[in-house]
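Peer 1: The hints should help you fit chains H, U and D with the ligands onto chain F, whose structure is shown.
Protein chains in written order, with the numbering used here: chain F, 1 to 307; chain H, 1 to 307; chain U, 1 to 307; chain D, 1 to 307.
Think of the hints as simulated: they come from the structure by calculation, not from any bench. None of these values were measured; they are calculated from a predicted model. Among the clues, some could well be false.
No copy is singled out in the list; a pair is fine if it fits within one copy or between any two copies.
With a straight-line Cα cutoff of 35 Å, these simulated DSBU-like cross-link-like pairs (lysine-lysine) come out [to be verified]:
#, residue 1, residue 2
1, Lys-96, Lys-202
2, Lys-202, Lys-304
3, Lys-236, Lys-226
4, Lys-304, Lys-236
5, Lys-226, Lys-202
6, Lys-226, Lys-304
Number of protein chains: 4
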Amino acid sequence: MQAHDKKISSVVHFIGVGAMGGPMAQRLHEGGHVVRVFDSNPQRVEAFSAQHGKQTELSLEQLGSDADYVVMILPNSGVVEEVLFGQNGLVSRLKKNAMIIDMTSGQPNMTLSMGQRLEALNILFIDAPVSGAVPRAQNGTLTIMTGGEAASVERAEPLLSLMGIVTRTGPLGSGHAMKALNNLVSCAGYLIGIEALIIGSKFGLDPTVMVDVLNSSTGMNNSTQKKFKQYVLSRKFDSGFPLHMMVKDIAIAMGLARNLGVPAPFGNLCLDLWSGAKGVLGPNVDHTEVARLSEQLAGWQIPKSNS
Amino acid sequence: MQAHDKKISSVVHFIGVGAMGGPMAQRLHEGGHVVRVFDSNPQRVEAFSAQHGKQTELSLEQLGSDADYVVMILPNSGVVEEVLFGQNGLVSRLKKNAMIIDMTSGQPNMTLSMGQRLEALNILFIDAPVSGAVPRAQNGTLTIMTGGEAASVERAEPLLSLMGIVTRTGPLGSGHAMKALNNLVSCAGYLIGIEALIIGSKFGLDPTVMVDVLNSSTGMNNSTQKKFKQYVLSRKFDSGFPLHMMVKDIAIAMGLARNLGVPAPFGNLCLDLWSGAKGVLGPNVDHTEVARLSEQLAGWQIPKSNS
Amino acid sequence: MQAHDKKISSVVHFIGVGAMGGPMAQRLHEGGHVVRVFDSNPQRVEAFSAQHGKQTELSLEQLGSDADYVVMILPNSGVVEEVLFGQNGLVSRLKKNAMIIDMTSGQPNMTLSMGQRLEALNILFIDAPVSGAVPRAQNGTLTIMTGGEAASVERAEPLLSLMGIVTRTGPLGSGHAMKALNNLVSCAGYLIGIEALIIGSKFGLDPTVMVDVLNSSTGMNNSTQKKFKQYVLSRKFDSGFPLHMMVKDIAIAMGLARNLGVPAPFGNLCLDLWSGAKGVLGPNVDHTEVARLSEQLAGWQIPKSNS
Amino acid sequence: MQAHDKKISSVVHFIGVGAMGGPMAQRLHEGGHVVRVFDSNPQRVEAFSAQHGKQTELSLEQLGSDADYVVMILPNSGVVEEVLFGQNGLVSRLKKNAMIIDMTSGQPNMTLSMGQRLEALNILFIDAPVSGAVPRAQNGTLTIMTGGEAASVERAEPLLSLMGIVTRTGPLGSGHAMKALNNLVSCAGYLIGIEALIIGSKFGLDPTVMVDVLNSSTGMNNSTQKKFKQYVLSRKFDSGFPLHMMVKDIAIAMGLARNLGVPAPFGNLCLDLWSGAKGVLGPNVDHTEVARLSEQLAGWQIPKSNS
Ligand SMILES: NC(=O)C1=CN([C@@H]2O[C@H](COP(=O)(O)OP(=O)(O)OC[C@H]3O[C@@H](n4cnc5c(N)ncnc54)[C@H](OP(=O)(O)O)[C@@H]3O)[C@@H](O)[C@H]2O)C=CC1
Ligand SMILES: NC(=O)C1=CN([C@@H]2O[C@H](COP(=O)(O)OP(=O)(O)OC[C@H]3O[C@@H](n4cnc5c(N)ncnc54)[C@H](OP(=O)(O)O)[C@@H]3O)[C@@H](O)[C@H]2O)C=CC1
Ligand SMILES: NC(=O)C1=CN([C@@H]2O[C@H](COP(=O)(O)OP(=O)(O)OC[C@H]3O[C@@H](n4cnc5c(N)ncnc54)[C@H](OP(=O)(O)O)[C@@H]3O)[C@@H](O)[C@H]2O)C=CC1
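Looking at chain F on its own, in the form it has when it is part of the complex (with noise of 0.2 Å):
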């Protein structure tokens, strides 16, 4: 069997079909796949298998036995070990050359680790975290970016393309590690951008106009096209990606500096204050809700604009 083939249907484990996983998992079915699916939390299960049938809910001790694939998407790369290599860990029951493509947005040196140990065992691992919310999820368009062996990489871009746009980082932890740097650099642009607004409005600038400037100059970035007016100074704060994956992908990138030994005095004040208004606001409203923090640190609100 060539699992690679891209018109060769294979057998996929898919473990986490939530939020993410769930369109996910579906765009494998559409393309051809035999998926089966496992949750810990059995209404995602079923949600999936009312769909496409009993015959696709898994149990934890069937996890991995007859699997071509394996693909994750986890909360965190602990659960990640954890369904790998814990209690009844699926790894004991993958054969030979299976594959497993962690999609989570995970820890590149938990990463690292787990694949040293998957290496031993002949099992190939790629990392695969994605880019891109729920929407992207559901028509396939999500950035995906893998780290690992060239030659695994290829052979799981059939299956990621289904899902999404592909690009290669590099070594195994890569994608990881992209991942989360890249999630740092839009975090302190979010955040940089907020504290401007607030002092340029409290000086008497019309918000709307300083977006304006903003994007036609130099200060331009992600957030000052696409979150600023859209959910800012709307105050409709509904991107749908919640405060605490933001802090998490940021803590990631900040504990990869932390074990390289570098410095990131910038980078860490970015996570200490998002992280912080996790504490101040709670985990789960949304993440562009992190302005409410400089605000309320500031005693001044960003007024209101329709534009």
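Peer 2: For chains H, U and D with the ligands alone, kept in the frame of chain F given last:
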């Protein structure tokens, strides 16, 4: 005389014909205005009068006397204040309803207080700092942010539009504020991107791949697009805009924050790191060399790559 | 008249008889001087004159006229400048060689520029801010940091020593600088100690044990000794010194740094967090409540303990 | 055998007889215990056995075999884990109820996880890091922070009290946590004091006067008292404790914070600046030289003064 009529030629006293002011004065001259210049550096004045005739030279004592417009682009607001109100200050010689256009990257609060004094004297005053460096000054495509009374800005626009594209930012001082805040957001985007490149490349990511991924994802900003490959990965550091000027701009932004009592922890750390780079590397290096401070702190250099 | 002779009674105009100024003026009165007072808050003046007679009240127009000394302890240097040079400013009424003693926690740079104007008028001027709160004002044991010409400070010492212990810090403004920098070091010691208590107590350390260990080790500072058990672990937060005054002091220190072009990343973050606490908690809470901001950011409260 | 009876001599395997461990092992020997030593550096072992006889040398394979106590003071918790559980790990040879005393400045979370593994093997384990440098190791006056079961700590105290004064900090790991947090508070006090000295001296204050005022006021901390005149104003920078060790300690404190999800913006900036000094100045300079990074950032040196 309708000085604001495009077809009518005005008498413009242009103060500060340095790297920026020189070509800007040239544009006004080419636009048909009677341009006379002053600069504390006699070579700057000679460079202009060599082309346009001795009669374009102004002495300190002549400054303002027969001007319809005084245009200034000087090192900072302290110099502007000196030129206007210091010993031999030109304000005393200005005719009523003459207009002063301050194109310096200035301090909004000083601009406001000078504005109050000028209003009492019936002298029109706007701030009109520019974004874009020498080449755009030469071909008249600067971005010009104007703050001041709508009627004043309108009257100035025929002149300004010879030098660039005008954006109205609001009341007096708002141009200076906007310019500084834009550069703050830009500098923060640069700095966090550098930290990400250091962490990522030390982990093993290829910096060129990193920049590509950032640019196609939420980590995108003006620096990832226009500075990282060009000046950092190439190790050329030759953007042409010096470090001390950037530090001045973001110091203005943070001075504004302090005056307004707005805590801006992220912005202040940004300033302190840029300002610290000036201490470590010297004021006259290219502003993109701030990356070298982050590298020195990390004991790690982002690998060169030609892409 | 030898105003600096201990035995000789001087005429002192005392401006600002608030929480601190009231008891300090009282000490001068008890020391045998002719003390007359002014305050923009009439109740403050009445409180003094109720005890010492109506003739101790000064009108704004009388300020300075027959004074040997003008002593001021006002909210900030802006108010000092207004009182000296504003409309009805007292400087115009002062006799030559009169001395102004500014005991406000003031801004060194404003002090220096006021000093230049006063020197031109032959008026002596020193800064003499105080450390120690109301009880020490009452019993005359404040720490007084004096900046100014040695001869001037010497002449002021008999008066000052009625209010506290005098330390000469150097030239004009140095008292104000020293006071602000001292409070900066104090605030940073407080803040880092709070972060340590939060981390440690969340890990499982007993905060009382922590404070004891800090105090007997290199982590010792004024706050570990005199504030943590007293105001934090007791959850009393009743030191009596308000948050906004502390924020003002460290804002002065950081204003000094910015004016000198000194990057002070650690000091600026300290200020921004203290200043942010003012935004979140309000200006009038006890300064020790800054701990609550750190707690809110962490989503964790240092356990109460009575030790 | 009652190993915890003061009068009874125990067999102690002492691992890590470096700058600190050497004199500490010596103290145990002088206290009447049978001390045998191991170190990955053979010269360290020879230095000990030259004095106390060849029979005091242990091979890797002998480690643990007949020990009542294993005392370790090693570079970090990673090394401790290797020695206990790595290839040839001593744990396999330890008799039941033997006790391991980890005096390394270690990571509390690693200590906790090692503790779980050791408990399962019926091996007693406490952490007992020390504060105080080589001279205090030599005369047995270290501060020793002990974490672990009360009964275990009690049993260890006769040994520990030969090396210093014991403070019980709580459960396992609490000694390591306390030590790291104490050093964090100490490092922050040092750093803010340096920034204050730079700002103040650039303004014109005499640094000696500054230190005196801080010491007699609320700015007082361990560094103002014991380090600023001694090592900074003297420009000697010869405290004897290297930079990389201090950075390790505060990295442990901040690792704890990150593991607990506690944002500690001030602590993290402290770490990043200390860590950045390591990058700029090298790991082996005296820890007091961190002042030089602040000076380089400021482009200003605190004047030398002999006081
Ligand atoms: N949401 C988004 O927009 C994006 C998310 N991501 C990343 O994708 C990952 C998943 O996110 P998302 O889908 O939103 O999260 P969800 O919480 O919606 O889905 C995760 C699912 O995994 C389940 N799960 C948890 N533990 C286990 C376990 N041990 N075994 C099996 N299943 C388990 C969860 O169950 P339970 O509910 O019981 O915990 C849940 O159903 C995260 O790493 C996130 O950072 C990346 C890009 C965008
Ligand atoms: N360079 C750039 O790319 C950009 C610059 N700017 C801003 O434009 C302004 C000017 O910058 P730039 O042209 O590069 O600087 P330059 O130094 O080249 O030009 C400034 C000129 O002003 C002169 N000057 C100084 N003091 C006085 C005085 N009292 N009276 C008259 N002339 C005086 C200077 O003379 P001397 O040489 O003797 O000091 C110099 O010739 C600054 O505020 C800068 O921040 C904005 C955007 C881009
Ligand atoms: N409180 C303390 O423990 C310490 C305070 N300080 C410093 O001492 C100074 C005074 O503090 P404190 O006494 O507590 O403050 P208070 O507010 O109690 O006293 C200040 C007094 O000045 C008055 N005032 C304000 N403006 C004017 C004016 N233009 N002319 C005359 N009087 C005016 C105020 O009146 P109104 O009420 O109308 O504003 C008030 O009565 C501050 O600079 C503070 O930082 C220093 C060490 C300790």
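Peer 1: Hint by hint, say whether it matches the structure.
Peer 2: The hints, checked one at a time:
no.: 1; hint: Lys-96 with Lys-202; in the structure: between (63 Å within a copy, 33 Å between copies)
no.: 2; hint: Lys-202 with Lys-304; in the structure: within (13 Å within a copy, 38 Å between copies)
no.: 3; hint: Lys-236 with Lys-226; in the structure: both (13 Å within a copy, 32 Å between copies)
no.: 4; hint: Lys-304 with Lys-236; in the structure: within (10 Å within a copy, 39 Å between copies)
no.: 5; hint: Lys-226 with Lys-202; in the structure: both (23 Å within a copy, 31 Å between copies)
no.: 6; hint: Lys-226 with Lys-304; in the structure: both (16 Å within a copy, 32 Å between copies)
In summary, the structure agrees with every hint in the numbered list given earlier.
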